[in-house]
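Visitor: Each chain is listed here by its residues.
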Amino acid sequence: MAIVGVGQTSYKRAHTELSSADMIWTAAELALEDAGMGVDAVDVIVMGVAPDALAGENGVEKTAIFGAGKPYVRVNTGGVTGSSAAFAGASYVGSGRAKVALVISLERMGQATTSQQVFNTIFDPVYEKDFPLTTITMAALRASLLMRVYGYSERDWALIAARNYRNALRNPLAHIHKDLSADDILASPMLAWPIHRFEACPMSEGACALVIAAQSAVGDRTGAWVQGIASTSDSYAMGDRFHRPEGTLVDLLSLRRSAERAYADAGITDARTDLDVVELYSPFSSAEAMTYPALGFCEPQHGPRFIQEQLTDASLPVFNPSGGPQAANPVSATAMVRIAESALQVRGMAGEHQVPEARRAVATGQGGATQFSTVCILGAERPE
Amino acid sequence: MPIYVEGVALEVSFADARRNLSELIFDAVRAAVDDSGRDMGEIDSVVLAAHDLVDGRSLSSMVTAPAAGAYLRDETRYSDDGAAAFAAAMTRLEAGDNTRSIVAAWGRCSEHDPDAFSRALFDPFMTRPLGLDEFVLSGMRAQIYLAGDGVREARSRATSRRREAARRNPRALKSGGFTSTPHYPLEETDMPLWADITVAMVLSTEPAAVRVAGMGQSSEPYLFGDRELRSIRSLEWAADRALADAGLGGDLVDLAEVDGLTLIDEALGLEAVGFATRGGGMAALADDPRANPSGGGASGYSRPAMGLMRIAEAVLQLRGSAGPVQVDGARTALASGSSTVAGQTQTAIVLAAA
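Just so you know, the sequences run in chain order A and B. Residue numbers for the first sequence follow the numbering used here, beginning at 1 and rising by one. Residue numbers for the second sequence follow the numbering used here, beginning at 1 and rising by one.
These are computed hints drawn from the structure, not numbers from a lab. Backbone N, C-alpha and C define an ideal beta-carbon position, used for all residues, glycine too. Wrong hints could be hidden among the right ones.
Ranges between beta-carbon positions, derived for each pair [said to hold, decoys possible]:
id, chain 1, residue 1, chain 2, residue 2, range
1, B, Glu111, A, Gly56, 51 to 57 Å
2, A, Asp265, B, Asp39, 24 to 30 Å
3, A, Leu169, B, Asp39, 49 to 55 Å
4, A, Arg13, B, Thr127, 41 to 47 Å
5, B, Leu130, A, Thr114, 37 to 43 Å
6, B, Ala17, A, Arg170, 20 to 26 Å
7, B, Ser321, A, Arg261, 47 to 53 Å
Using the sequences plus the hints, can you model the full thing?
Guide: Put into structure tokens, the structure is as follows:
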């Protein structure tokens, strides 16, 4: 099967001019237009929204169902909602129950006064809520562990963020268009040590849509062929992930397991040479470091060196050519945006941020307390 | 590729102070896996149906998924009805993504306010201030439905039969629970009995006692004014697809377990799936022991578990293990699950004894 249509709204703090249904259908219509299809060609609709509390409305996405009588399901897996929705659509297509799936993810957090108060409610209401544990402090715990165990520095986090901002300057849909150097980032306010403000993701609204077609329905369209997809869930309690033999909290076992399965399906044996583009769901620049060994780019202890290698070794894949989540983080949609951007790259349709001769890309999703991980491999080659 | 139900577990309780939500989920999933005769090493997929606003925390699957057996497995969660999760799990198996999957759904009414959940479904600026909730919409449906010939007369008999079925059903809530205040013309006996419900199943591509013969899904517009009040078109379309999949007619299945928020919604549901004729749904509930033999919403109700609960009851019927509410000789069954608003999205599942 292949992704034959991609549609995205722009990403920004709040789409005050658009209703939720407007945002959904803006993305959907763009994706269908890209695919050269009408909605009548769609056999199933999968929507991804999470969590309801950010939108202040229960089931906000259902306002966009206009009566086509299509099968419809809604996915909610936190940060991986977008990729889980795409995978659900792929399963409908793979099962033969649908030739064409329209999958859409919506983020409507512009109506939330503060996302961190909402994200505080993902943690245990009795033992953890007053900690105060939020997605920022959760990421800070991991960043400090990475620094202690593997020798990363605050400048490493700033270098990753600077690369993302630099790439986002060429992505017209990105939320943040600022040319920030590592020094600028290190000079930004500290949110929770060691995370500076510009190493964190913004609060973004937006919608992303994909059209996924069975091979028989692709026709002469330019497709991003799905070569491997995998999803893995991990334990909730962070304390349970410190001393287990399978891997520690920062080994990102769920991503590693997903990558192993997706790579096997795609025939990838060396991530450094077999991939051209990497679109990561790392909402904090420091979180990106956990993905390097999990995706097979380097050994864990060589992570700091790998950041430097990215700056000097042109043979390595290009990381986050879209700018990644530092440049736009519409939470429910972000993991789908990674897939969408990867699809645009291997289809040669990424515009100003196109990576030359991109033939194969990996897109990741990350959700929960670094608990849910997805990996999607897309390629330009039509299968035999 | 045929899909089979290898294991099933269903528990209806209320305010069990000995167990938290994770423990309720773990117990149901464990029971379903035990019922399947498999061990966890043979299961590679977990598909859940759960609502954050029901579970009382954002991204509740962070804590509930591990309890449902998701540790280091391919897991996903639908904020949709349990029957939709069942259908989605089927597609994962049919696509070859997985070989054996847990499906689980739950809702704990003793720890959330189902009326507040319902009110939150409506737009905060335009419709929520009107006081709309799902029972208002069911009441609007009831007004037109109860005007039909003989429907009011059948309603009292249907109420009696539904209560008696729930009394006899060993899986129904026997004490505790509560009902919401009915809106005219609904009466208290039309209302669902809010309960704590956990349901789990094991689906497989390997032959087992119950085969999934058909699956269909559909949807309707969001705005109630854009829909036909007198019928549930999305369920009609979903059932048509499921029955075509199974090569059956709605009137040919041996029993129906149809989800509906109120007694009137159950009657409309039976008509939508073709188990009863148009206008005959209430009479079917009143007089046909094959129509919602479990007692429907009177045996316990909590979103988003209801579709999976209906499927579980149908599976038990086809295995001949439904107990005092067993329908003799049942070989085929149709079960449905609906999701908000007012059954906007529907899933129909046709099951057959293998």
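Visitor: Please flag the earlier hints that this structure goes against, numbers listed from lowest up.
Guide: 1, 4, 5, 6, 7
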